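Chains H, A and C, in that order, are what the protein sequence lines are. So this note's numbering is basically just the index in the first sequence, starting at one, shifted up by 163. So this note's numbering is basically just the index in the second sequence, starting at one, shifted up by 1103. So this note's numbering is basically just the index in the third sequence, starting at one, shifted up by 1.
If you are wondering where the hints come from, they were derived from the structure by calculation, not from laboratory data. Bear in mind that the values here come from a model prediction, so they are computed numbers and not experimental data. Hints may contain errors.
What the hints assert, rightly or not - Calculated lysine-lysine pairs in the DSS-like style (CA-CA distance at most 30 angstroms, straight line): (1) C:Lys385 - A:Lys1242; (2) A:Lys1142 - C:Lys413; (3) C:Lys144 - C:Lys385; (4) C:Lys385 - C:Lys77; (5) A:Lys1168 - C:Lys155; (6) A:Lys1242 - C:Lys155; (7) C:Lys179 - A:Lys1242; (8) C:Lys385 - C:Lys179; (9) C:Lys244 - C:Lys12.
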Amino acid sequence: MVRSFRSADRIYDTLIAVVLILLSLSTLLPLLHILAVSFSDKASVAGGMVTFYPIHFTLAAYRAVVSDHAFFRAFGISVERVLLGGGLQFALTILTAYALSRPKSEFRSRNVYMWVLVFTMIFSGGLIPFYLTIRDLHMLDTMAALVLPTAVPVFNVIVLMNFFKSLPKELDEAALMDGAGPWYRMIALYVPLSLPSIATVTLFSVVGHWNAFFDGMLLMNSPDKYPLQTYLNQIIVQASLPQSHLTPDQIEQMAKLSDRTVNSAKILVGLVPILVIYPFLQRYFVTGITLGSIKE
Amino acid sequence: MRNKAAVHYHVMLIPAIVILAVFSIYPMFGALIAFEDFKPGKGIWHSPFVGWDNFRYMFSLPDIKQIFYNTVSIAVLKIVFTQIFAIVFALLLNEVRNLFFKKTVQTIVYLPHFISWVLLGGIMINLLSLDGIVNEALKTLGIPPIFFLGSNRWFPGVLVGTHVWQEFGFSAIVYLAALTGINPSLYEAAAIDGAGRLQRLLYVSLPGIASTIILLLTLDLQNVLNAGFEQILNLYNPMVYESGDIIDTYVYRAGLREFQYELGTAVGLLKSAVSFMMIAVSYFLASRFANYRIF
Amino acid sequence: MYNDYASPQLKDVLQTDGGKALELATVDGKLYGIPTMGTTHNSDPLIWLRKDWLDKLGLQPPKTVDDLVKILQAFKDQDPDGDGKADTIGLPGVDQFSKTSAAGAPAFYGYDAIFTAFESYTGTWVRGSDGTVQYGSIQPQTKDALAKLNEMYKAGLIPQDFAIMKNEQASEQVVSGKAGAFFGPWWAGWDPLTSAIKNDPKADWRAYALLDTDGKSRSLQETPIGNIAVVKKGYKHPEAMVKLLNYGYQEQLDDPAVAGGDPYEGMTMPNWQTLPISFALWRADSVILDHNGILAASKGEELPKVGAATLQNYKTQGEYWSKGLDWLRQHPDFYGEPLSRIYGVDPIIENNTEPVYSEFYGVTPTMDQKMTNLDKLEVDSFIKIITGEKPLDYFDDFVKQWKQLGGDQITKEVNEALSK
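Just chain H, with the same shape it has in the complex (with noise of 0.2 angstroms):
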C-alpha cells in the first residue's frame, strides 16, 4: 500500500489523535467517576465530596450488590438468556437477512416479506396485550418468554441485509455458475465475507440481552427467575418511590439502599461482561473483504 510520510499527513495524524485523546477523556472521565463512587463510603458520596478518586475507600458497595445467592443465581440467568437469546438472534438475523437481501428477479414475493418485518418494528399493541399473549401461551414465569418474543431483532435484520446487499452481484455469479445452491451460498461465502457487520449485530444482540430488564420484571413472578439487571433494578428501591406512604421499614430501606454507591457498582458489574466481549468481537470489525476471488 502507498503511504506517503509527506509532513501534511504527520499533521493530519496528530490532529486526529488530539481529538480522538479528547473525545475519550471527556467520555472516561464521567466513568471514572462512576468508579470512584462505587468504591467510596456513602458519606461522602451523599455530600459530594467524591470526584474523580474513591474517597474512604471501602468495598460496601460491591458487597451489598455481590452478597446474595440471588445475584449469582440472577447472573447465571442472564448468561443463560445471552447465550440462548443471543444464539437465536444469531441464527435467525442471518437467515432472514439473507433471504430478505436476494433480488426481486430471484424471490419475488421478498418485497412483501420485508414491509411486514418492517411494520412489525413500528407498530406494537401495547404493554397490556404482549403480557396477555405470554401468559395465554402459559410462557410467563420461563427462560421461553425472555428470550423468543425478540428473536428476531428487525433493526438488526436489516443492518445486516443491507451489508449482504452490497456485496457484488459477481459473487454469486461466480457460485452460480459453480453449482452453488442458495444455502451453500449463504455459510459457505456470504457469512465469511460480511463478518464485521456480523459481529455488530451479534454485539447489539448481547448487550441487548445482559441489559434487558424491564421484560423480567413484566413477565417473571418469582424473584429467582429474574435476569440480572431486574434483580438489580428490585434490590435498589428505586428513587419514584412516592415520599408519602412510606412505611417504617421502607423509609429505613429507603436510606440504606437507595445510594448512589451501589447504583454506580451496579452499573459497572453489569459492564464488565460487555468489556470482556467487545475486544473479542472487535477483530471482526477490522478485517478488510478480500475479494480475490473476483477479477475484473
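Place chains A and C on chain H using the hints.
Using the frame of chain H, we list chains A and C on its own:
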C-alpha cells in the same frame, strides 16, 4: 432454477415469520384499547367502544401543540447530531493506524451508552448547576454563569448534547464496520490519482458509507416521537417544562392520577403511525433521488 | 360484611387515623373496600437546624418564619463552621418546593412550612368562610408566603437555582456541611442525617416546628388513603379477603405466634410485600406512638401495648437513646432511628401540631384534563415571583388565569361532588 431458489428463501424466512406473527402481530390487536374506554375487568374485547374519543381527548390537552413541537424538534436534533458526530468520529478513527489506540478509543467511547439516566442525571445536574464545574470554567474565561438546566433557551441544547455524548459511540460501531468493508483498492486508486488524506476521506470513505448513513438515519427516524423519556424525566424541572416537556413526560404526569391505559395506548398508536409515515417518506426520497432501495 | 368479619384489632387499627381512610372508602354509606391509611404527621415539614451552629452564633431556636430568616442570614454570613470560607448557605432548594395537587404530601426540602405558616395550603382544597370549598393555592395568603420567599431569595437565603435541584442535590448540601438548616420530616434522621453525621460527628441536629401567624402549629398531611383492597363483584367468598387482612394484621402488628407463626421469618425483604394481599397496613398514629414507646423504654418506664416485633424495637432503640447523643454520633449506623423518633417527633408533640387535610381527595372530569396544566401554571408562576422575574402582583394575574383555564370549572365540580 430461479423458482427452486425462491422456495429455499421462503423456508429461510419461516422461523422469523412465525415468531413475529405470534409475538408482534397478534398483540397488535391490543391496539384496540386506544379506541375503547378500557376497563381491566372486562378485558380488551369487552370494554365499551368509544371511537376516536381518546384521540380527541389527547389533542384537547392544553399546550399539546408546544408538547408536540418539543418532542419533534428535540428528537430530530438528537438524531441529526448524533449521526453527524458518529460519522465524523468513525471517519477519524478509521484513519488511525495504531491498532491498540484504535481499539481502546472505540471501547471507551462506547461505554456511556450503558449508564442509566438515573445516575447520569445526578452527574449532569452536578456538572451543569450554577456552581458546577462547567460554570466555574466559564467564570475563569470571564463569561457569566449560564443557567443550563433552568433556562428554556439552553435546556434543549443540554438534552441534545448529553444524548449525543452518550450515543455516538454506539452508532459509530456500525459505521466503522461499514468502513472496513470498503475495498482497499479504491484507496490505492485514489492515492495514485494524487488524492491527499483529506480528499481520500471525502471521496472514498464517505461515499463508501453513504448507504449506511441513509439506512441508519431512516431507522432512526422512526423514533421521531421518542425524544428520550428517561433522560428528560431525570433532568427536567418545572422551570423548563415549556421547552422540555415531551409527549411522554406530559402523559406520565397526567397519568399519575389514574392508570390511563387508553391514553397511553392511543399515544403509542399515534407515535407508530407517524413513524410509519416517516419511514415511508424517507424510503421514497432515497429511492427517488439516490436511487437507493433502503429495504 | 366488614363489620362482621373484621377482627376487633383490625377495626382498631383502621380507626387510628380518626376513621378518615374508612370515610374516604365509603360511598353512599357503603364501604367499598378496606383501605390503607396515611400515617398522621408522617410528612409534617419541620425545620432541622444545627444547634451547635446556633449556640456558636448565640442564637435562639426559631418560633416563627422571621426568626428563621434571621438564623439563615447568620448561617450564611457569619461562618458558623469556622473555616474562614464563605461556604455555608441558608436553605437548600428543591424542584418540588410547594405541594401541587398531584403530590401526595409535602416534599422533603420543600418550602411548604413557610407557606403553611402563612396559612396558605397549596395544592389542597380548603373550606372558605362562605362555606364553599376553594383551592388553597389561589388564596390571598399565598401571596404573603410568596412575598416572604422572594425576600429570602433576594437575600441569598434560598439558592438561585433552587428549582432545578433534585432531592439528591439538596441532600448533598446538608451532608457536605454547607447547609445547617433544611426542611424535612421527622424521619430525616435516617437520611440525610446519618450521612451528615458520618462526615461531621460534631453536628448537633435538632428539629423545630414553625408557628403560624396566630401562634399555632399546623401541617399539611399526606393523602389519608393509600391502596384499597377490593373484591371482584360476584366473588363467592368476600369475607376471605377480610380474614386475610386479619391475618396480615396479626402477623405484622401483633403477635405472629397467634397467627400461626411467621412464614417469612429471617428474610431480608419486608414482610408485608410477601403477604397474600400485599397491604401496608400500619397504625396511622405510629409516629407518636412509637416515639412514646421508645422514650419510655429508654427511661425504663411502662411500654404501650403493641405487637411483639414493635415492642422489641422499642427496647432496642430505647437502649441506644439512653446511651446519649455523643454515643449515637460516634456510631452513625445506629444514629438515624433514635434521633428521628425522639428529636424528630418532639416538636410535633410539644407544639401540638394540628393536622390539616384536604377537603377533597377525588378526581373530577375536568381535573383529569386540565389539572396537570394548572399545576404547571402554578409552579411556573410561583417560581417567577420568588425569583423576582415577575412582580408580586403578578399573583393576581395568575389567579385570574388559573380560574379561566379550568380552575373555576374544577372548583364547581368539587363542590358538587362534596354535596352529594
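Each hint tested on the structure:
1. C:Lys385 - A:Lys1242: 25 angstroms, holds
2. A:Lys1142 - C:Lys413: Satisfied, since the Cα-Cα distance of roughly 27 angstroms is no more than 30 angstroms.
3. C:Lys144 - C:Lys385: Holds: C:Lys144 and C:Lys385 sit about 13 angstroms apart, inside 30 angstroms.
4. C:Lys385 - C:Lys77: Holds - the C-alpha atoms of C:Lys77 and C:Lys385 are around 24 angstroms apart, at most 30 angstroms.
5. A:Lys1168 - C:Lys155: Judged against 30 angstroms, a Cα distance of about 35 angstroms means the pair is violated.
6. A:Lys1242 - C:Lys155: OK: A:Lys1242 and C:Lys155 at ~22 angstroms, within 30 angstroms.
7. C:Lys179 - A:Lys1242: 21 angstroms, holds
8. C:Lys385 - C:Lys179: 26 angstroms, holds
9. C:Lys244 - C:Lys12: Since the Cα atoms of C:Lys244 and C:Lys12 sit roughly 12 angstroms apart, the hinted pair holds (cutoff 30 angstroms).
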